[in-house]
Structures are given as C-alpha cells and as structure tokens.
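Numbers in the numbering used here are just positions in the sequence shown, counted from 1, shifted up by 1.
Incorrect hints may have been included.
[Claimed, not checked] No farther apart than 30 Å at their CA atoms in a straight line, the calculated lysine-lysine pairs in the DSS-like style are these: (1) Lys-136 to Lys-89; (2) Lys-89 to Lys-150; (3) Lys-136 to Lys-152; (4) Lys-152 to Lys-98; (5) Lys-89 to Lys-152; (6) Lys-69 to Lys-150; (7) Lys-17 to Lys-69; (8) Lys-98 to Lys-150; (9) Lys-89 to Lys-69; (10) Lys-152 to Lys-69; (11) Lys-136 to Lys-98; (12) Lys-98 to Lys-69.
I should point out that these hints are in silico values taken from the structure, not numbers from a laboratory.
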Amino acid sequence: MATDQAKPSGIFSVDKLISEARQLAAEYRRTTGQVLGLSGEIARHDACTLLDLEPAPEGTGGYDAIGKGARDGLRFQVKGRVIFDEAKKNQRIGQLKLEQEWDSVLLVIMDENYEAEVIYEADRQAILDALEEQKESKRSKRGVMSVAKFKNIAELVWSREEGAIVDEIWDNQSGT
C-alpha cells in the first residue's frame, strides 16, 4: 500500500531516496565499522509505508506518525533499531518522549542492511508501567528501555514473512 511518501518530490521519490539511504548506511557500516545516524528516518518511513500511517507534520512534538484506517487518529512515536549482532546484550531503543502527547510507540527492528524485519507496538500505559517498574534500577535512565523489555510488553504488528498482523492472537512470551 503506497503512502504519500512514495509520491515524487523533486527528481527522486522518497521511496527511492530511502532505498539509497539503506544501501549507503549498510555499506558505510561494512567499510568503517561505524553507524550512520539514518535508522530513525528509515524506521519512520517503513512504519508509515508498512502500517498505513501518515508522517506527522513537520515541527510536531512528541510523535512521528498518525494512524489511518484501523489506527485512525492514533499518534505514534517511531523508534528504529538495527540489530548487527543478535548475541549482544542490553541493546536499547532511543529515549522516549514521556512528557509529550502520543498514544503508542512502534519499534522497527532492522537487519544489517537496514531492511525492516519486524515491527512491535506498545501502548502508552504499558510503556509507562514498564518504566515505573524499572525505576528502582540504578542503571535506569528516564524514558530509556531495552529492546528485550520493549518486545516483552509489545505486540508484534508486522513481520517480513507475514506482513501486517491484524487481530491475531500473538504470544509475546514464546517469541512466535
């Protein structure tokens, strides 16, 4: 399903530019061992395209996308995480904007080529509850959560293999 992001703007379409950004970021990492800071923009593009969302208007604080269709009117923060090494522990998502207005957070997990593998969604209350539980930890920073913790409280809403997952019972404890 195409979004407004696929419409040409100037010489190149946004889809084409994101494709080039994926290739550039992946090649840069392979060549230098360093990460280019493009994963957030790629994640936002993928979430909007794959889940039928609209990018939030420029300058909107607190959320990155607005739902259409089944998610109509919901406001989403979108976080992206590229997983280069599955064995690496304590991978974190970007800091959440707790003081801002939003309804849910989407976590787009990408492979080493910056291609979306899965997207998880957690609503605001589940996130606030989880952060409150971890408040006691000395390592805990306000609004920061591990990928593992996020996956624990979230629902899988899209996967590369299945596409959008709608109204399906999903067991987040077994990882299926």
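Consistency of the hints with the structure:
Straight-line distance between C-alpha atoms of Lys-136 and Lys-89 comes to about 23 Å, which keeps the hinted pair within the 30 Å bound. Annotation: proposed proximity of Lys-89 to Lys-150 holds, straight-line Cα distance about 15 Å (limit 30 Å). At roughly 18 Å between alpha-carbon atoms, Lys-136 and Lys-152 fall within 30 Å of each other, so this suggested pair holds. Distance hint between Lys-152 and Lys-98 is fulfilled; the C-alpha atoms sit about 18 Å from each other, no more than 30 Å.
For the proposed pair Lys-89 and Lys-152, the alpha carbon gap of about 16 Å is at most 30 Å, so the pair holds. Restraint check: the Cα-Cα separation between Lys-69 and Lys-150 comes to about 27 Å, which is no more than 30 Å; the hinted pair holds. Proposed proximity of Lys-17 and Lys-69 is supported: the alpha carbons are some 23 Å apart, at most 30 Å. With a C-alpha separation of about 17 Å, the suggested pair Lys-98 and Lys-150 falls inside the 30 Å cut-off, and the hint holds.
Distance check on the hinted pair: Lys-89 and Lys-69 sit about 36 Å apart at the alpha-carbon level, beyond 30 Å; violated. The straight-line distance between the Cα atoms of Lys-152 and Lys-69 is roughly 24 Å, inside the 30 Å bound, and the hint therefore holds. Using a Cα cut-off of 30 Å, the hinted pair Lys-136 and Lys-98 holds, with the two alpha carbons roughly 16 Å apart. Distance check on the hinted pair: Lys-98 and Lys-69 sit about 22 Å apart at the alpha-carbon level, within 30 Å; holds.
Violated hints amount to a single one, hint 9; each of the other numbered hints is respected by the structure.
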